[in-house]
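Colleague: Each chain, letter by letter, is given below.
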Amino acid sequence: MIKTKNILIVAALLIVFVSSIFAKGIYQEPKDFLLEVFAGEVPQVKKFWIQKDLQKDINSILGHDLGVLRLSYWQRDNRTAWILEEIGKSLPITVGIVVNDNKIERINILVFRESRGWEIRYPFFTEQFNSAALTAEKNLDKGIDGISGATLSVNAVKKLAALALFFHQQVLK
Amino acid sequence: MLVLPVNRHFMQYKNMLLIFCLFLFSLDAMSQVPTPEEMWQIIQEQQKTINELKTKLSETDVKVQQNIEAVEITADAIESSTMQSGINDRLTNQTMVGGYGELHYNNLTDDRLNEGGMSPDDSLERTDFHRYVLFIGHEFSDRIRFFSEFELEHSLAGDGAPGEIELEQAWIEMDINDMHRVKAGLDILPIGIMNTTHEPNTFFGVERNKIESEIIPATWWEAGLGINGELAPGWNYDLVIHNGLKVPTSGGSSFRPRSGRTKVAEADDTGFATTGRIRYTGIPGLEIGISGQYQSDISGTADSFDVQATLLESHIIWQHNSGVGLRALYARWDMGGDIGINPASINADNLSGWYIEPSYRFSIGSEPWGEFGLFARYSMWDERNQISGAHRYEQFEQFSTGLNWWPHNNVVIKFDAQWQGANANVDRVLDGINLGLGYQF
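As you go down the protein sequences, you meet chains A and B in turn.
Sequential numbering of the first sequence, starting at 1, is according to this note's numbering.
Sequential numbering of the second sequence, starting at 1001, is according to this note's numbering.
For reference, chain A alone in the conformation it holds in the complex (with noise of 0.2 Å):
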């Protein structure tokens, strides 16, 4: 009875230990996102193309060229949604980030790779980003605290709110 005991322990200690390594870093799926934003109903995709005058902008906003020629969005009247990634320290996070009207309406930490600054997923960090606009010089209008030890996770979000800001911009023109 005993030894019957143990074995479903270990087993279901096992299922815990095994179920949570397919969890990994992904906290949001990128099609939840999209539902969860669109209250279930995700418009058609579209794509934006990264012309060759925008190249400039692109580069800096991020410091270097986006790497593609286009990008997915998804667009209801003056509301667009993109999921972005970049580089923190060594490895890209993934962003959902919904412009309303040229301001910042939600940021989501979709996926995070870095082995430290998951902090940046809290909401403490990103609702910072809410009502956050362009400015002429292609910055956020508003400061954005960091979170210690994590800067460069932090400047790779700033960086890709940015971004979603300008492409919004063009898309809406």
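These are computed hints drawn from the structure, not numbers from a lab.
Just so it is clear, the structure is predicted and the values come from calculations on it, not from any experiment.
Here are the simulated lysine to aspartate or glutamate pairs, EDC-like style, with alpha carbons at most 20 Å apart: (1) Lys89/A to Glu1173/B; (2) Lys52/A to Glu1072/B; (3) Lys173/A to Asp53/A; (4) Lys46/A to Glu1069/B; (5) Lys159/A to Glu137/A; (6) Lys47/A to Glu1072/B; (7) Lys159/A to Glu1371/B; (8) Lys52/A to Asp1076/B; (9) Lys47/A to Glu1069/B; (10) Lys56/A to Glu1367/B; (11) Lys173/A to Asp57/A; (12) Lys158/A to Glu1367/B; (13) Lys159/A to Glu1367/B; (14) Lys47/A to Asp1076/B; (15) Lys89/A to Glu1139/B.
One-sided and incomplete, this derived list gives chain A residues near chain B with beta-carbon spacing under 8 Å: (16) Arg70; (17) Ser115; (18) Glu119; (19) Phe125; (20) Gln128; (21) Glu137; (22) Gly143; (23) Ile144; (24) Asp145; (25) Ile147; (26) Thr151.
Taking beta-carbon pairs under 10 Å as the criterion, some of the chain B residues facing chain A (in silico): (27) Thr1074; (28) Ile1193; (29) Thr1197; (30) Gly1229; (31) Asn1236; (32) Ile1317; (33) Asn1321.
For glycine and all other residues, C-beta sits at the position ideal for the given N, C-alpha and C.
Position chain B relative to chain A; hints supplied.
Modeller: Just chain B, lined up with the frame of chain A:
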């Protein structure tokens, strides 16, 4: 007077002629109007043309759609083939390379020169590429990773050379789940501010502060097994079991923590130690940390006595988005004695230090101007007096002030001035200036 009647007649004839011509033209035009049969034929021909155009338009639509699909496929293919750079490269290859480095110039005067006629001149006028560091990391899978840091100190290593080649990190980390990880290997210990984050663009001052050099012997790494992760949003923990220090028990550096680092280089006979840390980062811009360490025998296990030691550390980092910042840290060692050995005899039973560093950072424009930062730091710490034959620990203090200029977030140029003081007889007290250039990538 005779001209007017002639002109009037002429105009009348001209108008009549025009009306006659128009009449003839209209008769001609009426003779060209198609008959209903001809009209029907024309309509049928036009309908045929319209049908042909419709067919062509439909075919064009199909071709345009095919072209769009072809462009999408081509774009996919191009992006796939260009995954050799940027983010995609790192995702694909799972191996990353980075590094940092710092070049220093020190011009310091020894204020205790000639004091009592016993103190040598320790003035310093030196140019030194202090640290050149490369790190390589690799993602074996989504949940298992490797990280290493390789350093050349003082530019030149080898027999008689001032520098060293050091392996500062080489560890494997595995995720247990989203919240917890286990790590094993050679790793820097989770204590203080500078020991874990010491890239030159991340701190003020050319040289690292004295507390995180003499009390916390940063950069301090050991071999061990640990667990780290999150307890709740904003609450992080680390717990590591590792090999301990091996401080000398005699000579001018006895009981000096920094002199006890084995650097995991054939580290024989070290006692075991354990280090724990709790950090709170739940408010953006704020970090509060507390860490503790227990050493079972800080003098190593080869001798005949056991010197137990504990290290306690706490710190705060606050960096507001207005540019105002503050760092403060306190650290303290307590070392016990054993039969035949007593750290208290040279004032080493309790070694402590603290500093406080307000700062202000502000932007002066986009590249190449970047950001400037000003800082001031007051430090107080216990350090060996370095007086031969009268070795003991005394209290030092230092005031530093200076500036950092970041033309880019990862590039920094530094300047600072320092004034040291000490209450008792010590070999050297250094005042002067420091210049530095640092980078990280």
